[in-house]
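A.B. asks: Chains as they are written, first to last, in the numbering used here: chain A, 1 to 96; chain B, 97 to 495.
A couple of the hints might just be wrong.
Claimed, not checked - Calculated cross-link-like contacts (lysine-lysine; reagent style DSS-like; alpha-carbon spacing at most 30 Å): (1) A:K23 / A:K4; (2) A:K46 / A:K23; (3) A:K46 / B:K340; (4) B:K407 / B:K344; (5) B:K340 / A:K4; (6) A:K4 / A:K46; (7) B:K204 / A:K46; (8) B:K204 / B:K407; (9) B:K407 / B:K340.
Derived from the structure by calculation, the hints contain no laboratory data.
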Amino acid sequence: MSRKVILCRCEDVTLADVQHAVKLGRTELEEVKRYTGFGTGPCQGKECLREVACAVAEASGTEPAALAPFTARPPLVPTELGVLAAAGKARVKVRP
Amino acid sequence: MTAALPHRADVAVIGAGVMGLAIAYHLAARGRQRIVVLDAHYLAWGASGRNGGGVRQQWSTEMNVRLMQESIEICAHFAEEMGINVWMRRGGYLFLARTKAAAERLEKNVTLQNRCDLPTRMISLDEARALVPELETEPGPGGAVGFVAACYNPTDAIVFPWPFLWGYAQAAERRGVTIETGAPVTAIDRRGDDFVLTTPAGTLTAGRVICAAGAWSPRVARLCGGTLPDRPVRHEILSTEPLKPFLKPMVSLIESGLYVSQSLRGELVGGVSMPEESNAAGEVRLGSRLEFLTTMARGLVALMPRLGHVKVVRQWAGPYDVSPDGNPIVGPLPGLPGFYVACGFGGHGFMMAPVVARHYAAYLDGEPPHPFFTAWRADRFGPGGAAPPAADREEMIIG
């Protein structure tokens with residue numbers, strides 16, 4: 001049986017990749033994100049942040065709650081360029 | 097990065113971005129010891145981790161053309177020499193101009209670049225479309241812009257910026273350099289000829305200080321009474337979902353400052369000039385704005401209408417570190433013997449760092465300074481940071 005455990009499905013980041021990053025001293029989620037690429041695909045970490053945080057905590061001997069999540073970047077969900085281009089032209093009136 | 101902070105260093109570098117790490121690496125490679133690099137955050141937190149990864153030789157001044165010819169060769173051998181993949185792809189840079197004035201600038205640049213043995217050419221719009229069939233080059237009802245001229249250099253490249261930091265850091269640490277991240281310098285005091293740097297990780301006494309803190313450099317210099325005239329300017333950038341490889345060159349528009357490339361991961365990465373914000377306090381702003389997203393989306397869809405259905409997955413911001421005359425600021429800071437700067441690179445510090453750092457280390461090691469130490473010296477600015485008329489102002493600052 002394969003022992004490969006995938007934590008980030010968008011970018012194919014495995015448990016072993018995360019453990020390797022921690023071993024190199026990358027113990028913040030921001031650093032692990034940059035080193036492994038987890039959380040940079042279409043889901044932007046919405047599916048894998050918790051799993052990776054648990055793996056980092058276990059590998060570095062800390063509590064998951066002690067780890068800060070990486071900065072959430074807009075847009076909230078992947079958004080078509082055409083939609084954004086049209087949004088830029090619209091004049092939106094907001095009622096007080 | 098877990099070793100204790102030493103009490104004493106010959107050289108303390110402030111800023112573990114590509115410039116600071118590369119200077120430390122090259123000093124160590126020359127046999128220099130007792131080098132410490134300090135950073136307030138983690139590797140790739142600052143502008144070195146936020147840029148678009150463009151590495152080009154198409155510039156308007158001979159200094160920058162020649163330096164970048166040298167830098168791109170360092171980049172091309174980086175993976176082999178440092179043992180780390182930097183995802184470099186030499187697809188060239190295609191510049192497009194909408195106005196006659198911009199077209200004339202491109203022609204002038206091409207003449208200069210050819211004189212430096214760079215194979216840049218003015219190409220027809222047909223050739224541009226052959227390179228990038230998705231380009232909309234004619235004016236159109238959907239707001240599509242028409243172009244009048246294009247130039248292309250096939251030897252320009254894009255890289256993935258982050259591995260450069262890890263590569264320089266690993267190689268520097270192997271040669272004895274201490275890299276202390278999460279260690280912001282909160283005070284710099286003079287003790288005799290030395291500098292005493294206070295950080296949460298401890299106190300470090302250093303004979304020489306190199307400030308390579310990018311847009312944060314004026315703040316670092318102020319800690320010991322120094323003044324730097326550069327200012328941070330927020331630039332934003334976005335990344336799309338990964339696509340099948342289709343875009344060979346980095347494409348850049350002279351007038352709007354829009355640039356877009358496709359990384360080896362398949363994502364489109366790009367940005368566009370936005371009106372400069374008022375920022376009298378000189379604060380570094382890293383927030384993302386919807387206005388950038390919509391401006392960039394409009395520009396991209398007008399440039400390549402087929403991209404309308406491609407999804408943006410992420411946007412972020414980073415600071416350009418802009419000097420009053422647009423040229424970098426390097427060498428000793430007047431009035432502060434032993435304090436050196438490498439800043440003001442105006443958004444192209446990442447691609448310049450491999451070559452600048454190599455010459456910088458040679459200079460710190462006692463070799464005759466490269467001519468850029470004269471052209472870009474810190475004392476060229478008058479009181480209050482007033483810039484003299486720039487004889488050789490770089491015009492190809494994009495984004």
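A.B. asks: All the hints need checking, so say for each whether the structure fits it.
C.D. replies: The hints, checked one at a time:
no.: 1; hint: A:K23 / A:K4; in the structure: holds (18 Å)
no.: 2; hint: A:K46 / A:K23; in the structure: holds (25 Å)
no.: 3; hint: A:K46 / B:K340; in the structure: holds (24 Å)
no.: 4; hint: B:K407 / B:K344; in the structure: holds (20 Å)
no.: 5; hint: B:K340 / A:K4; in the structure: holds (26 Å)
no.: 6; hint: A:K4 / A:K46; in the structure: holds (21 Å)
no.: 7; hint: B:K204 / A:K46; in the structure: violated (49 Å)
no.: 8; hint: B:K204 / B:K407; in the structure: violated (37 Å)
no.: 9; hint: B:K407 / B:K340; in the structure: holds (14 Å)
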